[in-house]
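Enquirer: Construct all of the structure, not just a fragment, from the sequences and the given hints.
Sequences listed follow chains A and B, in order. If you're matching positions, the first sequence starts at 1 in our numbering and goes up one per residue. If you're matching positions, the second sequence starts at 1001 in our numbering and goes up one per residue.
Keep in mind that the hints were calculated from the coordinates and are not lab data. Each hint should be verified, as a subset may be incorrect.
[Claimed, not checked] Distance condition first, Cα-Cα at most 20 Å in a straight line; then the derived DMTMM-like pairs of lysine to aspartate or glutamate:
id, chain 1, residue 1, chain 2, residue 2
1, A, K224, A, D99
2, A, K195, A, D217
3, A, K80, A, D99
4, A, K80, B, D1121
5, A, K198, A, D182
6, A, K62, B, E1177
7, A, K230, A, E194
8, A, K80, A, E137
9, B, K1277, A, D99
10, A, K198, A, E137
11, B, K1182, A, E84
12, A, K230, A, E186
13, A, K21, A, E35
14, A, K230, A, D19
15, B, K1276, A, D99
[Stated by the list, open to error] Okay, the calculated bits of chain B under chain A, using three or more residues with CB under 8 Å as the criterion:
id, stretch
16, 1137 to 1146
17, 1171 to 1179
18, 1222 to 1235
[To be verified] Quick partial rundown of chain B residues pointing at chain A, CB under 8 Å, derived from the structure:
id, residue
19, R1100
20, P1164
21, Q1165
22, L1167
None of the values given here were measured: they were computed from a predicted structure. Virtual Cβ for every residue (Gly too), placed ideally from N, Cα, C.
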Amino acid sequence: MSCSCHCCSPGNTSVPVIDLKDVSFSYQNGTPVIENASLRIMPGESGCIVGPNGGGKSTLLKILLGLLPVDSGSVRVFGKSPVEARRRVGYMPQYHQLDAAFPVSVLEVVLMGRVSARTLFGFRNADKDFARSVLDELGIAELEQRSFAGLSGGQRQRVLIARALAGEPELLLLDEPTANIDPGAEEQFYLILEKLRKRMTVVTVSHDLGFVHRETDLVICVNKQVVIHKPADFTAETANEIYHHDMSLIKHDHSCFCHCEGEKC
Amino acid sequence: MLMDINAILFAPEWGFLRFAILIGILISPALGVIGTLVVTRRITSLAGASAHAALGGFGLALFLQRSCGLAFVTATVGALTGSILAALTVGIVSITAKEREDTVIGAVWALGMSVGLLFLDHTPGYVDWQSYLFGNILLLSQQDLYLTLVLDVLVLVPVVTFFPQILAMLFDGTFAELRGVKGNIIYLAMLGLTALTIVLLINLVGIMLVIALLTLPAAAAGCYTAHLRSMMILGAVFNSVFVISGLVASSLLSLPSGPTIVMISGVVYVISVGIKKLRSK
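Expert: This is the structure:
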């Protein structure tokens, strides 16, 4: 299904941040994960990737990062291949995928966002200053010398955002940023995200449909197929259609909460 | 007691012990680094497989030497070939197919040892295989001294040069790759150096106990610091202390040196874990 948003109309000449055309991906055993997916995100837009577990959300993110080669179709990030575009992309994995006991300080983690194949002997002072400024912006300057292992979930998550931002990305990809953190930290995270969205494209993966309520431009529903919606159009009917089983959608204020009644969810 | 220590320091007949202490101190910088990498990357079992595969190489080398007259295939060359092959095999498997790593480690571990024992069984003449399994500081030679110095250079130069990249690779390999770090090359190089370290430790503590010196000093150091760099340095200091005290104690008390060194390391490690737990309360 193609995108119906305003920016995909003919005549818009700026290079899309993300441009997927008829992308298919399957595992080595032949199980298809993504089928004929098309997705276009223009500069200034932000998106939230939602969908059921096993629907291909993380796979889509890995394709955008150039970590998985697609079977067919074209993937362009800033008009280039995902691997070529990596320098302009910031990535934040789920913090619990990392070794909780690893001996490393917060500043060292953030500096990893500025590492490259040419980083030898250590970081320049300019890199350290930049890393500190990112920590400062995220309100965690005081954590600089703390051990990453000793932080709370919410703090670790912010340090990992800082690491992604340290590379001065134009596209920020966040994998399940609100998973496993307490509601207070989640609220702070939304505020940070709102700020970041003003100066870069932010694409978030979330299994949490409630996430779409925060001024997301595009709701990208992934369940083998990719279907794009405006948050306002993301209704119970569309949710049903995408998830292939019964959903009830409760909307109030700017929030929309999806409740899945299907067995697979 | 004081007389004994005096004798260890100066008497000619204790020369072999002083030489072992010298090698133990000289290997410490490399061991501090490699041990920290093994502990933080959690590849202890991979290192164990590599150590046991060294016996396979050792057995094959002795067999070729004595049965086929290939004099250039020395025990060290054989052990090094076996341990490097094992480490790289497991490493490449873990890069390409993560879920099979555990099985491959077990296979390499047992097969390496079996190959060694089978060849040693068919090697003519007396074979002192116990020295390989449990260490024998009398076997330490000038060659070990030179190889140890080479190992220090091979380990320290790249670690100092590529430290930021190594740290990024160890902490989060995927992220490091996205930043352009050649994580797989660094990882495989690290495995090769681990194998070399293992072979040089064999005379000191033996194949069965190599794992202890590869992990305990670094693990104990990790209880006192939250930085990779200081873990490496403290690990090196710990290793020197363990080797010196272990060798001296084993001589004074007439105990086998390998197990004595490992027991001291183990006791310090357990105490360190206890101290860490107490401090975190």
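Enquirer: Okay, which hints does this one fail, numbers in order?
Expert: 1, 3, 4, 5, 8, 12, 16, 19
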